[in-house]
Amino acid sequence: MIAYVLRRIVQGLIAVIIVLSIVFLVLNLSGDPVRLMLPPTASDESVAEMRTLMGLDRPLPVRYVAFLQRSAVLDFGRSIQTRRPAISMVQERLPATVQLSVTALFVATLIGVPLGMIAALRRGTWVDRVAVLTSMVGQSTPVFWIALLLIFVFGVAFPILPPSGFGRPAHLVLPSASIALFLVAGITRITRTSTIDVLSRPFVTVFRSRGLSERLILGKHVLRNAAVPIVTEIGLQLRFVIGGSVVVESIFGWPGIGQLLTRAAFGRDFPVVVAAVFVIALCIIAVNLLLDLLYSVIDPRIKVWAR
Amino acid sequence: MSDKNATIDDTPLLSVRDLSTVFRTDRGPVYAVNGVSIDVPRGEIVGIIGESGSGKSQLCLSVMRLLAESGRVTSGSVLLNGRDLLCLADREMRAVRGEEIAMIFQEPSVGLDPLFTVGQQLVETIRRHRPQPVRLAREHAAQLLASVGIARPTMILDEYPQKLSGGMCQRVMIALALSCEPQLLIADEPTTALDVTVQAQILDLLLKARDDHGSSILFVTHDLGVIAEICDHVAVMYAGQIVERSPVDQLFDAPQHPYTRALLRSRPLLSDARVHPLPTIPGQVPRPGEQPQGCPFHPRCPDAMSICHMAPPPVHRVAPRRDARCWLLESEADRAQASEGTAYEGENNE
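For the record, the sequence lines run as chains A and B. Take 1 as the starting number for the first sequence in the numbering used here and just add one per residue. Take 1 as the starting number for the second sequence in the numbering used here and just add one per residue.
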């Protein structure tokens, strides 16, 4: 198992290098940061001087290698806008994003899983139809629209929650609800399908024949047997949580990595963009590894390290 | 076996009366069990034999009240010690399951949760009915496994079900079923999915359960050999109905119903199996919902008469605890009388 984890970490690092390379290329193709930093009236000499100063006059491959070397020690340079080390700017923002994502995922799981199970148990009844319809609507509604709707309803029409800001628990409600509502849809759908599948397995009838309570059968055996697809779904949705948080953080003024990334991208602040993408990629890879290990905890037949 | 005659006078442990079970389908209601009555006396093994689709399993599930969602018992009663199980609240019924009636199933390997060890599942069931510390329940579980002939029970307790063979799984299932020493054991084709050598061992276990605990067993199978081996009494089921009931030796010696005779003929005998091809019963069990009018067996019956197309045969008592549903057993006069009556009855049946 340790060998497996090590192999996965190496694979993850390769993935990070690829991500960094793509970011490096795209940023170098998308505009000249020197022109953006200097006033439009700056002379060609001062532009050239600035370029030399920043090392941008060297050929692309040389800069690429140097870039990777510095990335290896988490040195992504200083922010062009604030002149502070890019990685520490991202680090400061990390807790806020983690707080938002984890809350959203947690709430979505807490609502989606029971809802999906109830829909499966009441298959064909109005409860089921409402759940299926809601999850369809939820999945086809863009996060930004949900966010604006929530702001309008709870921040403007019935001003009971702060429409933006950070610090108090109340500030967390609307942004995490925006992401969670989207996630609930997918989790409900997959839980329903998975539960229906497990309920049709013979052992459920066998357990009932032994007089075990429905709560025990459903809460312990059915749920655990249905859990692997649900965990997979949550892992897949992680990307949307990150992607969604970029949008949601901007809308709600949430001081997380997403907001930082958006601003840095608009400002051609290369070092900050690279550092942010690096941290996000690292998070996704780490969580995916954890989820894969979680499979074997849920289902002893799955030995991911034996593949 | 010796005290069999003494128990006959007692009220039976299980008494199923006129039980009908209907399934909702897209093509309308379908009768899987159609007016079945059967008794299981104390300490006896009663067999139910029939082809696939004859309603044997649905009968068992009806007794256990474990029918699929689309199924419903529409009439009849299921008396266990004189108490109608169909009238119990869900909660009371759960207390009966496992405690008074236990069931073992055809596919042992899919009857256990693959994500929990054998021990965890045994302990769970034991503690459901006999609340006790996990450690004690585990000891009890090991004893149970030993009693069903599992060597090294404590090792098996820590195994996951998928590591066990089919025969081993069925032993575990029997151990689970016997964990509360139920008065009635319902065995739904418990040996069908197993190797022949393992089959015999499992049957021995069931006989031992009867002898040790005095449990009654309702044994469902489509294997006449198994019936001959362990049952005291047997009911032949066809298309949701019981067509013949008989003590097991008399059934083999003198079958009354043409279907029973056909079943017995289609059984391989060592003496002539190599010379003659085995006779088969032409046609198939009617699909539930496509029951023919009259006797459900008449399209396949070699002895069918005109009355068989028109009216369902009544139950004919041949001897004590011995009856059959066949027009052949009725007198000429009774047939003629029924024949006249079918003109309007037929319309009602439509």
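By construction, these hints were calculated from the structure, which means they are not laboratory data. Remember, it's a predicted structure, so these values are computed and weren't measured experimentally. Don't be surprised by glycine CBs; every beta carbon is placed ideally from N, CA and C. Check the hints yourself; a few may be wrong.
[What the hints assert, rightly or not] No more than 25 Å apart at the CA atoms, straight line, and that leaves these computed lysine to any residue pairs for SDA-like: (1) A:K220 - B:L80; (2) A:K220 - B:E139; (3) B:K163 - A:Y295; (4) B:K208 - B:L80.
[As the list claims (entries may be wrong)] Here are the in silico distance ranges between beta carbons for each label pair: (5) B:D18 - A:D197: 48 to 56 Å; (6) B:A333 - A:D197: 56 to 64 Å; (7) A:D197 - B:T74: 27 to 35 Å; (8) B:D223 - A:L216: 33 to 41 Å; (9) B:T25 - A:K303: 39 to 47 Å; (10) B:L207 - A:L6: 37 to 45 Å; (11) A:V228 - B:L136: 32 to 40 Å; (12) A:R239 - B:R27: 40 to 48 Å; (13) B:T74 - A:L216: 27 to 35 Å.
Is 32 to 40 Å a correct range for the gap between the Cβ atoms of A:V228 and B:L136? Because 33 Å falls inside the window, the suggested range holds.
Does the Cβ-Cβ separation between B:D18 and A:D197 fall within 48 to 56 Å? Distance hint for B:D18, A:D197 is violated at roughly 37 Å.
Mind checking the hinted window 27 to 35 Å against the Cβ distance between B:T74 and A:L216? holds (30 Å)
Starting from the hint 40 to 48 Å, judge whether the C-beta atoms of A:R239 and B:R27 obey it. holds (46 Å)
Keeping to a limit of 25 Å between CA atoms, is the pair of A:K220 and B:E139 held or broken? Distance of about 23 Å is within 25 Å: holds.
Between A:D197 and B:T74, does the beta-carbon spacing fit 27 to 35 Å? At roughly 30 Å between Cβ atoms, B:T74 and A:D197 fall inside 27 to 35 Å, so the hint holds.
Hinted pair A:K220 and B:L80, Cα distance within 25 Å: Cα-Cα ~31 Å, so violated.
Cβ distance range 37 to 45 Å for B:L207 and A:L6, holds or violated: violated (56 Å)
Taken at face value, is the distance from the CA of B:L80 to the CA of B:K208 at most 25 Å? Distance of about 22 Å is within 25 Å: holds.
Evaluate the given range 56 to 64 Å for the C-beta pair formed by B:A333 and A:D197. With a Cβ separation near 59 Å, B:A333 and A:D197 satisfy 56 to 64 Å, so the hint holds.
Cβ-Cβ distance between B:D223 and A:L216: within 33 to 41 Å? holds (35 Å)
Satisfaction of the hinted span 39 to 47 Å by the C-beta atoms belonging to B:T25 and A:K303: holds (42 Å)
Of the numbered hints stated above, those contradicted by the structure are hints 1, 5, 10, listed in ascending order.
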